[in-house]
Amino acid sequence: MKATRQKGKSWQNCKVAVTGINARAENPGPGCAVARCIQEHPQFKGSIIGLGYDALDAGLYARHLCNNSYLIPYPSEGEEALLYRLAQIHRAEGLDAIIPCLDSELQNFGRLKSELQLMGISMLIPTRDQFNLRAKNHLRTFCESIDVHAPESKALSNPSFFDSCEKEGWKYPLIVKGLFYDAYVVHSAFEAKTIFAKLVSTWGYPVLVQKLVIGDELNLAAVGDGKGNMLGAVTMRKKALTEKGKAWAGVSIVDDGLTKVAEKIVGALSWRGPLEVEVIKGYDGKIYLIEINPRFPSWIYLSHAVGRNLPVAVLKLLSGATQLELSEPTSGTFFIRHAQELIVTLPEFETVLTEGRLAPQMVQDQIIRSA
Amino acid sequence: MEELLSRTGGKVPSRERLSQLAVSETGFIFDPQTGQSFSVNPTGLIVLDLLKRGSTLDVASNSLADRCGIPAEIASSSVEAFILQLGRYL
Chain A
1 MKATRQKGKS
11 WQNCKVAVTG
21 INARAENPGP
31 GCAVARCIQE
41 HPQFKGSIIG
51 LGYDALDAGL
61 YARHLCNNSY
71 LIPYPSEGEE
81 ALLYRLAQIH
91 RAEGLDAIIP
101 CLDSELQNFG
111 RLKSELQLMG
121 ISMLIPTRDQ
131 FNLRAKNHLR
141 TFCESIDVHA
151 PESKALSNPS
161 FFDSCEKEGW
171 KYPLIVKGLF
181 YDAYVVHSAF
191 EAKTIFAKLV
201 STWGYPVLVQ
211 KLVIGDELNL
221 AAVGDGKGNM
231 LGAVTMRKKA
241 LTEKGKAWAG
251 VSIVDDGLTK
261 VAEKIVGALS
271 WRGPLEVEVI
281 KGYDGKIYLI
291 EINPRFPSWI
301 YLSHAVGRNL
311 PVAVLKLLSG
321 ATQLELSEPT
331 SGTFFIRHAQ
341 ELIVTLPEFE
351 TVLTEGRLAP
361 QMVQDQIIRS
371 A
Chain B
372 MEELLSRTGG
382 KVPSRERLSQ
392 LAVSETGFIF
402 DPQTGQSFSV
412 NPTGLIVLDL
422 LKRGSTLDVA
432 SNSLADRCGI
442 PAEIASSSVE
452 AFILQLGRYL
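Line order of the protein sequences matches chains A and B. Each residue of the first sequence is one higher than the one before, counting from 1 in the working numbering. Each residue of the second sequence is one higher than the one before, counting from 372 in the working numbering.
Rather than coming from a laboratory, the hints here were simulated on the basis of the structure. Fair warning: this is a prediction, and the values are worked out from it, not measured in the lab. It cannot be assumed that every hint is accurate.
Lysine-lysine pairs mimicking DSBU-like chemistry, simulated, CA-CA at most 30 Å apart [as the list claims (entries may be wrong)]:
1) B:382 with A:238
2) A:167 with B:382
3) B:382 with A:286
Far from chain A by the CB rule (all over 12 Å, computed), these chain B residues [as the list claims (entries may be wrong)]:
4) 375
5) 397
6) 401
7) 402
8) 403
9) 410
10) 413
11) 416
12) 417
13) 423
14) 433
15) 437
16) 445
17) 453
Virtual Cβ for every residue (Gly too), placed ideally from N, Cα, C.
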């Protein structure tokens, strides 16, 4: 196994692995944006290793973002399989840090934290308790404990709820959500039950149902230092949505009310690591907490654009830096997401499929020349 | 502004709220609190600029009347209508 991380190695020269590098236009993973934030920081001289789950994860082939890439086993294969694969990758690369970017993998990474630390790989991630307390099915209880508004919600294991819910005060339209991802607005029992079946087949039980709050959707990304402090909040309002309700365009804003809510959450949980707070600012002026995501959002590149590069802040915290050098919060910076084709050669695709890794560029060139 | 609020009962933006707005020379307005953007015409820009700088409704109305060559009463009612319209956006 590769030697443990050199003590005192600076964040600028570290080798960091990033997951969640799928980039489907309607719902991209955050990994490519995290990699981009780090790569584009002028002081970063290290390298980024992309960790993908599928040979069609675009980030695997994005050499401008990931210096090298590997496939890792799906979260459903468990932490043993993940540790085995990470040890292989570590032998080849000598990783210093990993930034997990997907909700569904965080529990496996959490269970491996000590083993990875012994190997010299550090991560800034929440503890299991922190992860569970902010989970969608516990959110309302958590909100009550910290005096934050949240829409009424219920965890369901039986779709018959949708036939009688209106009698119990659950008027359509309602929001139906998967345990980890996906949320749909439904307008009838028939529609709700169809979505329920779809979510169960994808994410399992329970399915969450939530009352719809009318207002503006705001999102805040930040990093918790594990001691109750929130660092570098960046707030965004969505300006255009994909079919899945993800931001296709957005603008940075400053909302003191949301910042206070997020500080309360981070303080109450002593949150450690990146997070995204999703709220609705109701037309009644109240802020309703919708979700706490335990990772960076896919729009995190905006943090680099407003001078609060949060993925770099994570690297700095992991290396023990005390000065994060974050700019003051600013508003009025827009982003517009766009889809782009990434050209992949046959040898590149082949090595990912057969060896679970992207052939280094030099090898690639030789393969192409000899073909 | 306060007397307009009590007289009309409409939503009147506070001076603090107005001072937060980013206003360009062309009348493009960005609200940093909500992320919304909209634009005002040249006369709206004159009034908004005056209000942001702390002018009273009377001063803003008189200034508009002078600069546009319109009767003071028309300027005054236009300023009031404009503020109430702003209130629906902010």
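The hints, checked one at a time:
no. : hint             : in the structure
1   : B:382 with A:238 : holds, 25 Å
2   : A:167 with B:382 : violated, 36 Å
3   : B:382 with A:286 : holds, 17 Å
4   : 375              : holds, 21 Å
5   : 397              : holds, 15 Å
6   : 401              : violated, 5 Å
7   : 402              : violated, 8 Å
8   : 403              : violated, 3 Å
9   : 410              : holds, 15 Å
10  : 413              : holds, 22 Å
11  : 416              : holds, 18 Å
12  : 417              : holds, 23 Å
13  : 423              : holds, 16 Å
14  : 433              : holds, 32 Å
15  : 437              : holds, 33 Å
16  : 445              : holds, 33 Å
17  : 453              : holds, 23 Å
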